[in-house]
Amino acid sequence: MTSITLKEIIKEFSKNRIGIAGIIILSILIFTSIMVAIFIPIDTFKEWNNPEKWISYPKVSVPVWINLFLNEKIPEHKILDNPNINNYRINDLSIISHRFGIDFEYDFFPSDFIYEFTSKYSESPLLEINVMRPDGIQLKLYSTSLPITNSYSNHNERVFSTDELIRKNLHLQSNKFEFSLINLSSQDIIFSKTGINEPLKGKYIFLIKLYGNNEANQITYSKMIIGGKAFGIMGTDELRRDLAVGILYGTPLALFIGLVVALASVIMGLLYGAYAGYKGKKTDEGMMRFNDVLYALPALPFLIILSVTISNSIFVMVGFLMIFGWVGVAKIARSMSLQIKIKGFVEAANMMGQKDRKIVLRHILPQLLPYAFASIAISVPAAITTEAGLSFLGLGDPSFPTWGQILHDANVYGASARGLWWWIIPPGIMIAITGLAFVFIGNTLEVIANPKLKR
Amino acid sequence: MDSILKQGVSIQVRTEITDNPTIAKSFSSVTEFDFFIQTQIAQRIKIMGLDEPWYSPQRIGLSMYKILFLDFGYATFLTSDSGSSDVKEIILEKLPRTILLFTTATIIVSVIGIFLGTLAGSKIGSKTDRVTSSFAIISSSFPVWWIGMLMIFLFSFTYQIFPARATPLIPFTDPNYIGSLLYHMTLPLITIVMIGFGSWAYLVRNFIVDIVQEDFIFAKKTIGINQKKIIYKHALKNAAPPIITVLALSLSGSLGGAIITEAVFDWPGMGRLYFEAITVMDLPVIIGATYILTVFFLISIFVADLLYGYFDPRVRTE
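Chains as they are written, first to last, in the working numbering: chain S, 1 to 455; chain D, 1 to 318.
Treat the hints as calculated values from the structure; they're not laboratory data. Be a bit skeptical, because a hint or two may be false.
Said to hold, decoys possible - Here are the computed distance ranges between Cβ atoms for each label pair: (1) D:Asn176 / S:Asp103: 20 to 28 Å; (2) S:Glu52 / D:Ile67: 49 to 57 Å; (3) D:Thr79 / S:Ser27: 36 to 44 Å; (4) S:Leu294 / D:Gln7: 45 to 53 Å; (5) D:Phe115 / S:Phe256: 40 to 48 Å; (6) S:Glu157 / D:Ser134: 36 to 44 Å; (7) S:Phe256 / D:Thr104: 37 to 45 Å.
What the hints assert, rightly or not - Simulated coverage check for chain D against chain S, where a stretch passes if three residues somewhere in it have a Cβ under 8 Å from a Cβ of chain S: (8) 128 to 141; (9) 151 to 159; (10) 278 to 284.
Note that CB positions come from ideal geometry on N, CA and C, so glycine has one too.
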């Protein structure tokens with residue numbers, strides 16, 4: 001076993017296509033993690049389990065790009081919060097108008113629509129919602145006076161498509177349609193052709209007007225949600241969470257868990273094994289028997305017991321994974337150290353009176369480094385899959401959206417039996433890709449560390 | 001646990017007395033009667049050994065002795081499907097199901113693995129070799145339970161061939177129960193075999209590769225013995241000891257089921273029992289299951305050791 005220079009490693013990697021693939025995948029993952037860390041604020045982490053944050057998102061919606069493959073387009077869920085604002089006065093009346101335009105090019109009706117607003121006013125202004133359809137027909141949807149106040153104050157309200165007033169207003173305009181409006185929901189009427197009850201494509205404009213006497217009236221916040229069944233590049237889950245966010249967050253978490261566990265357990269195992277092998281005799285015997293005890297413990301049941309009884313915090317879990325990670329490394333490091341310690345240079349160092357600690361650190365460990373790198377790379381996927389497995393059983397840290405956690409939720413809500421593929425496939429593929437990247441790198445490093453494998 | 005048992009004893013004594021009024025009549029004063037009850041309770045507690053702390057040698061010895069003869073006591077929370085809370089009955093109910101699924105799977109996996117591995121190992125660098133090796137690497141980085149979820153999606157949602165949950169719906173007294181169980185078993189079995197045989201083949205391949213390069217194989221080749229015969233008769237026999245170790249370990253490991261796989265398919269075996277027992281901290285069940293698995297582990301290691309001698313005469317001792 002000779003020392004290997006960095007140059008040789010690079011040379012071996014450049015010859016090895018699998019190694020290059022591993023490096024490329026890993027750099028993409030690291031790049032993603034950095035991007036996530038920079039562009040998505042950490043606070044969003046804590047919002048993962050907060051239903052309030054996801055309230056305006058749709059439930060179990062497919063990814064948007066699925067429309068590219070479908071003949072009949074599924075309506076996209078649209079959150080419009082950028083209205084065209086126009087304020088003007090007619091005589092004493094001050095009018096605030098917000099216009100929301102939406103291009104509706106889908107073959108199904110939207111599932112619902114919600115108008116959410118916060119208004120600052122005094123007295124009792126009149127709120128009116130109208131819709132202008134692509135065929136020029138204007139429908140009156142809603143008109144109500146806001147609750148009366150004497151002082152100038154804020155008022156927050158959500159107008160739902162299921163509102164009784166909207167239904168009544170639409171039925172009053174039933175002469176514009178050639179079919180019966182009975183038992184149709186309001187979105188099925190608004191977005192329908194006049195002849196038959198089929199979606200009418202084109203540009204719809206929702207016009208919201210606030211009439212009042214007070215010039216200081218204003219709408220401070222205004223959001224229109226057109227409910228659909230497709231959202232984002234990854235879709236959403238049962239709890240309306242955007243899966244793209246979860247999967248992106250999972251990347252740095254998985255790399256963190258994998259790398260920390262692998263690094264720590266390999267270092268621990270190397271030091272332990274190298275020292276035991278170098279000392280030999282009773283020290284070796286004692287240390288290895290302790291090692292055997294840990295080796296014989298069934299890891300998964302034990303991890304479950306530990307996380308049930310002690311804590312399921314992600315950091316404590318990393319510690320638990322380390323306990324079971326270093327054992328195998330120590331065994332191999334010991335046997336390698338047994339071979340190295342009889343070599344001349346170690347004996348010479350010993351004769352010169354160097355301390356044991358120094359011999360192990362200076363002379364034995366550097367010889368084990370190539371093996372160490374390979375085993376770090378190979379133990380990363382094991383750590384990631386074990387963590388994912390524990391999370392999948394519902395024993396993970398619920399405050400972090402790891403991939404295993406997402407799959408756990410998917411399993412709880414029966415995603416696979418309900419055919420919610422966009423909830424199952426991406427996290428699993430991410431786990432597998434991350435694992436593969438490290439396995440590829442590990443295998444290439446192993447070939448370098450152990451030229452016998454080249455055959 | 002101890003206080004519950006003690007409470008139980010005193011309740012038992014009191015009900016015996018209320019059930020039998022003649023005992024109460026035979027005492028002249030209340031203090032005497034009370035004294036009688038107290039001595040009765042103390043006596044029974046002593047008989048059961050509850051007066052000593054749990055770590056006293058008698059109690060530990062007694063529980064060890066009980067465990068040795070598979071008397072694990074009663075589960076705190078869990079019951080078997082038939083309603084019994086005897087740990088032995090619970091385990092005896094779950095163990096056959098796990099054997100049915102996981103041990104069968106392990107056997108299929110190892111047979112395919114040994115065959116494929118030998119094929120790949122005898123022709124290093126061939127197409128079979130490369131396909132097997134890359135399949136092994138790729139399949140080992142997918143979590144089995146995730147593949148399980150995909151299989152459920154594919155075969156029970158898209159094509160609706162197999163049921164998603166592996167627990168049969170009909171009661172186990174029904175004569176069709178076995179058939180239904182087998183039908184429900186197919187999907188998990190396919191999943192485990194699909195994910196498992198790659199790494200098995202890779203392992204066997206590596207053993208064979210080592211042996212094929214030994215001198216005696218070259219010698220046999222030069223003599224002109226048929227390649228197939230060399231591989232299957234000589235190389236495989238020499239690779240047998242490590243293969244048997246792995247086989248023994250994975251067979252005994254298979255009895256524990258796979259906790260996560262059973263959770264995905266809702267398979268009512270040992271893995272799920274373990275998981276449920278741990279989550280509610282049902283100690284008698286955990287102890288019982290661990291004990292049974294350890295016994296099987298030791299037995300399989302022992303058998304493997306015996307088989308070593310048969311396959312490799314060098315390790316035999318006179």
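Checked hints:
Taken as a hint, the range 20 to 28 Å is violated for the pair asparagine 176 (chain D) and aspartate 103 (chain S), whose Cβ atoms sit roughly 57 Å apart. Look at glutamate 52 (chain S) against isoleucine 67 (chain D): about 52 Å separates their beta carbons, and that is inside 49 to 57 Å. The hint said 36 to 44 Å for the Cβ distance between threonine 79 (chain D) and serine 27 (chain S), and at roughly 53 Å that hint is violated. At about 39 Å, the beta-carbon gap between leucine 294 (chain S) and glutamine 7 (chain D) misses the expected band of 45 to 53 Å.
For the pair phenylalanine 115 (chain D) and phenylalanine 256 (chain S), the supplied restraint of 40 to 48 Å holds, since their beta-carbon distance comes to about 41 Å. Remark: the range hint 36 to 44 Å for glutamate 157 (chain S) to serine 134 (chain D) is contradicted by a beta-carbon distance near 60 Å. Against the hinted window of 37 to 45 Å, the Cβ-Cβ separation of phenylalanine 256 (chain S) and threonine 104 (chain D) comes to about 39 Å, which satisfies the hint. Under a criterion of three residues with beta carbons nearer than 8 Å to beta carbons of chain S, the stated coverage of the segment 128 to 141 of chain D is upheld, 4 such residues being counted.
Using a Cβ-Cβ cut-off of 8 Å, 5 residues of the segment 151 to 159 of chain D lie near chain S, which meets the minimum of three, so the contact claim holds. Given a C-beta distance limit of less than 8 Å, the hint that chain S covers the segment 278 to 284 of chain D holds, as 3 residues qualify and 3 suffice.
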